[in-house]
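Asker: Sequence:
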Amino acid sequence: MQYPYSVDKTLLDQLASNNHFVFTTDLEGNITYCNDAFQQLYQIVGESVQGVNIESLFNSADAGILKSAIHQTLQTKSSTPILLKLKHPNLNTTGSIIQYEFNLINDRRMHPIAFLFIGIFATTIAVGTSTTVASSPSSGLSGQNREWFREIADFMKEMIWLTDHQHHLVFVNKSWLKFRGVSLDAELGDAWIEAIYSEDKYKVKQAQLAAFSNKTSYTIQFRFRQYDGNFKWVEMQADPMYTNLGDFVGYAGTLKDITSIKELQLQLNRQTEMLEISKVEFAKFTKIAQRINVVIILCDPGYRITWVNDSFVKLTGYPLREVTGKNPQSVLSGEDTAAEVLNKLNTAINQGKSLRTEIIFYAKNGNKIWLDLKMETLFDKQGNVIGYLTIQNDITKKKMTEKDVEEQMSHLKQISDIASFELRHEFSKILQILQTAKFQQNTLEGLQQILLDIESSANTMNHAIHKISDEVSIASDTNIALNKFLLNQAIEEIVLVDDDHMINKLNTVIIRKVIPNMNVTVFDNIEDSITYLKGNPTLKRKIFLDLNFMGRNGWDFLDEYEKMNQPWPIIILTSSIDHNDYEKSKKYSNVTHFITKPLTVPQFESLSELDEASPVGN
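Numbering (our numbering), first residue to last: 1 to 618.
If you are wondering where the hints come from, they were derived from the structure by calculation, not from laboratory data.
Don't take every hint at face value.
As the list claims (entries may be wrong) - Calculated lysine-lysine pairs in the DSBU-like style (CA-CA distance at most 35 Å, straight line):
{"id": "1", "residue 1": "262", "residue 2": "353"}
{"id": "2", "residue 1": "174", "residue 2": "9"}
{"id": "3", "residue 1": "326", "residue 2": "381"}
{"id": "4", "residue 1": "314", "residue 2": "232"}
{"id": "5", "residue 1": "87", "residue 2": "232"}
{"id": "6", "residue 1": "368", "residue 2": "381"}
{"id": "7", "residue 1": "201", "residue 2": "215"}
{"id": "8", "residue 1": "353", "residue 2": "397"}
{"id": "9", "residue 1": "256", "residue 2": "326"}
{"id": "10", "residue 1": "87", "residue 2": "201"}
{"id": "11", "residue 1": "256", "residue 2": "205"}
{"id": "12", "residue 1": "201", "residue 2": "85"}
{"id": "13", "residue 1": "201", "residue 2": "157"}
{"id": "14", "residue 1": "203", "residue 2": "174"}
{"id": "15", "residue 1": "587", "residue 2": "563"}
{"id": "16", "residue 1": "178", "residue 2": "262"}
{"id": "17", "residue 1": "505", "residue 2": "399"}
{"id": "18", "residue 1": "178", "residue 2": "85"}
{"id": "19", "residue 1": "505", "residue 2": "364"}
{"id": "20", "residue 1": "399", "residue 2": "368"}
{"id": "21", "residue 1": "178", "residue 2": "157"}
{"id": "22", "residue 1": "203", "residue 2": "232"}
{"id": "23", "residue 1": "9", "residue 2": "326"}
{"id": "24", "residue 1": "381", "residue 2": "513"}
{"id": "25", "residue 1": "374", "residue 2": "77"}
My request is simple: use the sequences and hints to build the entire structure.
Answerer: Spelled out as structure tokens, the structure:
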């Protein structure tokens, strides 16, 4: 039977052990797994117990204990292990108890899904809330019982101990002494307490004192020094002992090395904390990613989509639910997607490398999209691949612009060729005919021929003029304006003046989405920006200015800039919606636009044309 839940090395060893009886149940108490040792102990080898309820497998008393523990844990949702002591299933075996550690199994969202029981043999001396023995109040066990108990305890793998009625240690078994690497005399009384980790001593003493005052059972977890000087996590369980007359004679208990369990708990706690931190960081990432206009795709180690931002949905038309778990290439590739580019992308994924390339993808409606694609492989601290981050810029307009410019240049070359060869040739021919006619005595027939030649050349020139007209019409009817292309190339930089670092980063992304190679200079205070502009007065630029700053503000900047007599335009980009600010901005001759944050790609594209987007004063 295969273990159905997540498992670590320690649990794997316990599942294979003959000394550990392991089984799991669902939330209703139905068996979902049991190991070979458990099946042999309960004599169910060869029989299927999967789905069998614990009430059918255990005796009524033990089933009641298990049901009660399950019910209590579901109510409290506690992750603290619980120790349960059940009788040996063999009725002919006396003096044997199985002690089960009971844990809750949660899924990745920390929702309970099952229960895990890990059992080992324990001694009857530590069972229940009290143990009745024949003894005197001062010495714990009588001589005969004491020797019998010590003989049995020394055979036990578990660490066993006894105290007197004053709660001083009077006996520990060989397993305890082997763990500690000391003699019996070195542990008796309160000497053993010195081996407790210093930070845990007070907690142990207080817990023991509280239990001893009321003569109740107790369970304490603390760090205890073993034979090699290292500290191990142990769990001390204790139960009070009484005579037949009800006199308290001391405590009996066990000491169990729970280091592996504790480390597992600490590891789970750390993983839970890291998971919470990751959730917070991912929330921050998604908040930023949703505000920018670049396409972002997150994939798992198998390069299957786990998350996309809103820009992906808007550009491609695919909602997250339709692409989750799918390879982006299988969703977005189409007829014109180059196989060579896909091979480069797959190679980078397989080798865990980064890649930047241009690729043609297709939207849900079939539209072709040109993308500037950047793919990064994500690793954990151990160097294992945990996923992929893909950032894609839509460069379709840029590609169409380049194509249109090439076509326009081609038509202009045709115009140049027509003007250079066809028109010039015919014009030269007419001049030559007229020049020759001046120096000859022409007859009527000769003049008629000259006029016919001139008419032929004139018709040829007229045809060439019509061809030029056609080429000019084709060049002017394309979907971009050539002057816009040249204008964008003429701008040398864009200056951002804003004290919000995040806004500056986002605006830089937007600017480079529209004009990829544009130089963007950023300032977060007025003084530095004024100094820079004074020192570089000839650079062709546009300036985006926020109004609200700590200290000197945007209005101070405008006052200083007016004095510089520089021709470069200023676009006010502010969160202010105050009409008075809008009216005040009209007084500054360099201010061409007044825009309310956030800056968007369509707004910037409009500004990039001929400054026609809502100019101040119109």
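Asker: Hints broken by the structure, by number, lowest first?
Answerer: 1, 4, 6, 9 and 25
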